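Undergrad: Listed below, chain by chain, are the residues.
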Amino acid sequence: MSNTDRFSLSMRLFHWGMAALVLSMVAAGLLMVTSLQTWQLTLLNIHKAFGVVAILLVTARLINRLQHKLPALPDELADWQKTVAKASHWLLYILLFAMPVSGYLMQYFAGRPVDVFGWFRLPAALQVDIYNYALFRELHGWLALALIGMIALHIGAALHHHFIRKDNVLKSML
Amino acid sequence: MKALYLTLLLAPAFSFSAEGPPRVSAQQFVDLQQGNTDFPGFRRAHAKGICVSGEFRANGQLADYSKASLFKTGATPFTGRLSIAGNNPTAPDLKAPVRSMALSFASSRTEQWRLAMNTPPVMAVADPHTFYQQIQAIQAGPAAVKQFFAAHPESSEFLTWAGQYQATGSFAAETYYSINAFYLVNADGKQQAVRWAMQPTVSVAATDLTAPDALQQEIAARIAADQVVFDWVFTLADATDDENNPTKAWPDSRQQIIAGQLVLTGTTPQLEGDCHAINFDPLVLPDGIKATADPILRARSAAYAESYRRRAKEQLQGALEGSNNE
Ligand code: HEM
Ligand code: HEM
Numbered sequence: 001m002s003n004t005d006r007f008s009l010s011m012r013l014f015h016w017g018m019a020a021l022v023l024s025m026v027a028a029g030l031l032m033v034t035s036l037q038t039w040q041l042t043l044l045n046i047h048k049a050f051g052v053v054a055i056l057l058v059t060a061r062l063i064n065r066l067q068h069k070l071p072a073l074p075d076e077l078a079d080w081q082k083t084v085a086k087a088s089h090w091l092l093y094i095l096l097f098a099m100p101v102s103g104y105l106m107q108y109f110a111g112r113p114v115d116v117f118g119w120f121r122l123p124a125a126l127q128v129d130i131y132n133y134a135l136f137r138e139l140h141g142w143l144a145l146a147l148i149g150m151i152a153l154h155i156g157a158a159l160h161h162h163f164i165r166k167d168n169v170l171k172s173m174l
Numbered sequence: 001m002k003a004l005y006l007t008l009l010l011a012p013a014f015s016f017s018a019e020g021p022p023r024v025s026a027q028q029f030v031d032l033q034q035g036n037t038d039f040p041g042f043r044r045a046h047a048k049g050i051c052v053s054g055e056f057r058a059n060g061q062l063a064d065y066s067k068a069s070l071f072k073t074g075a076t077p078f079t080g081r082l083s084i085a086g087n088n089p090t091a092p093d094l095k096a097p098v099r100s101m102a103l104s105f106a107s108s109r110t111e112q113w114r115l116a117m118n119t120p121p122v123m124a125v126a127d128p129h130t131f132y133q134q135i136q137a138i139q140a141g142p143a144a145v146k147q148f149f150a151a152h153p154e155s156s157e158f159l160t161w162a163g164q165y166q167a168t169g170s171f172a173a174e175t176y177y178s179i180n181a182f183y184l185v186n187a188d189g190k191q192q193a194v195r196w197a198m199q200p201t202v203s204v205a206a207t208d209l210t211a212p213d214a215l216q217q218e219i220a221a222r223i224a225a226d227q228v229v230f231d232w233v234f235t236l237a238d239a240t241d242d243e244n245n246p247t248k249a250w251p252d253s254r255q256q257i258i259a260g261q262l263v264l265t266g267t268t269p270q271l272e273g274d275c276h277a278i279n280f281d282p283l284v285l286p287d288g289i290k291a292t293a294d295p296i297l298r299a300r301s302a303a304y305a306e307s308y309r310r311r312a313k314e315q316l317q318g319a320l321e322g323s324n325n326e
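Chains as they are written, first to last, in my numbering: chain A, 1 to 174; chain B, 1 to 326.
What the hints contain is simulated information worked out from the structure, not anything from laboratory work.
Calculated cross-link-like contacts (lysine-lysine; reagent style DSSO-like; alpha-carbon spacing at most 27 Å):
1) A:Lys69 - A:Lys166
2) B:Lys313 - A:Lys48
3) B:Lys290 - A:Lys48
Bear in mind the structure is a predicted one, so any value in this text is a computation, not a measurement.
Taking the hints into account, I'd like the entire structure generated from these sequences.
TA: This is the structure in structure tokens:
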């Protein structure tokens with residue numbers, strides 16, 4: 001395969017690394033908001049700390065992406081399909097930023113410093129702002145739903161390319 | 001071999017279902033607490049309260065046990081709240097079986113500490129799912145409560161306390177307990193399990209108070225006249241004490257340390273003060289204090305977050321607009 005038939009190694013590593021991280025974040029988020037078990041606090045702290053890792057990773061990933069040439073989408077795709085594919089990818093990037101940012105701001109306005117693996121803490125407001133807390137808490141929840149929906153579409157599209165169109169799109173990320 | 005695998009696989013599942021009450025979620029718990037009447041914008045528990053302000057004056061006695069900056073000799077201001085248990089923000093003060101004190105220390109942008117304390121020194125039960133059943137029994141009436149306690153011998157210390165507890169005539173004269181234990185962590189990383197209490201420095205008889213807001217009026221007048229002081233007393237566990245069981249008090253012979261004095265200097269109706277916006281989740285801890293694995297303590301974060309989320313959303317939607325504390 002020539003270079004641009006496939007995503008670069010760094011892009012593939014970012015893609016699958018973040019896929020694993022983000023799916024775990026979603027699962028952890030959904031579990032910890034309902035659970036009263038003793039591990040809830042541990043999971044909550046892990047969720048916040050890895051959420052901070054996620055924003056660093058997505059930033060690095062975006063910089064990396066802008067420096068690489070991407071494989072072209074298959075010629076058989078109509079223009080509108082290409083546009084939808086590209087737009088959905090940018091929407092995913094936006095959500096990957098918006099999730100951790102809304103998560104952190106929710107904690108900031110609730111006056112809860114975020115502890116990152118015991119190494120350091122991110123600052124929180126000295127005076128709680130319940131309106132902004134409510135705003136970012138609800139946003140974090142709605143964006144999570146949007147993210148889950150986008151991930152489902154994304155996986156569906158990848159499988160559609162592979163099994164129905166039988167093109168190279170899924171393979172280019174493997 | 002196959003059978004062995006199966007037993008190994010299934011054993012935990014069976015032992016799970018065999019012991020203990022059905023598991024409830026944070027949402028189910030808060031639904032039960034809020035009951036059938038809605039008070040949008042208010043806490044689902046301890047809904048009625050009054051904001052207090054003041055400072056903690058540390059004497060340095062606890063600084064060797066915890067590196068939290070609060071315990072170094074000196075003063076740290078707080079935003080607090082005195083409340084009664086229950087979901088109704090207009091309930092009569094004197095009918096509530098439990099009185100409470102909550103504190104928030106915002107020592108710095110990275111170090112904050114929230115405390116929520118009650119008048120009983122111990123819980124009746126040791127886990128949130130059984131606690132759920134206890135609340136169901138309380139809501140069902142005296143016969144159900146009697147039956148519940150009969151089925152739960154772990155409630156004996158709580159019942160002994162309840163039998164001799166005399167409510168006082170003032171928030172200023174109650175003792176407020178952490179109930180759950182925490183670890184103090186010092187600069188060398190050494191851990192010490194502790195419980196604490198805010199001990200009053202005045203006594204006030206349960207006199208002829210009758211007004212629905214009697215306790216709030218009393219404390220507002222008292223603080224307007226003079227500061228109200230509590231001693232912050234820590235009890236240090238010994239190796240034989242179980243820090244994860246909130247139904248058992250530790251023996252009186254355990255070492256106690258007074259870390260300093262909590263001085264209350266102001267009151268404000270809750271909807272006009274800073275305390276209403278705060279979620280007094282006791283698992284917001286500074287460096288130098290850690291949570292134990294007590295199942296009751298560990299259940300509090302998710303439940304408080306659910307209550308906070310509901311009331312914050314209602315407030316964002318305008319639930320409290322134009323209302324004062326009446
Ligand atoms: C890729 C990043 C992230 C993802 C995918 C994610 C996902 C989620 C999900 C699915 C939930 C449950 C939503 C709900 O019930 O409405 C949740 C809750 C939560 N997230 Fe995140 N999150 C991320 C980053 C963060 C960060 C960086 C923080 C804070 C520093 C954070 C703090 C929280 C908190 C505190 C809750 C629970 C709030 C509560 O109990 O009320 N999250 N998250
Ligand atoms: C599993 C056990 C418990 C659950 C599920 C629970 C639940 C709650 C909830 C949902 C709130 C309202 C939070 C808000 O909206 O801000 C609350 C408030 C409060 N709880 Fe608990 N609680 C538990 C145990 C305890 C214990 C053991 C204590 C005392 C040591 C305690 C003391 C308080 C106090 C003082 C408040 C009022 C705080 C304030 O003024 O805002 N709770 N609780």
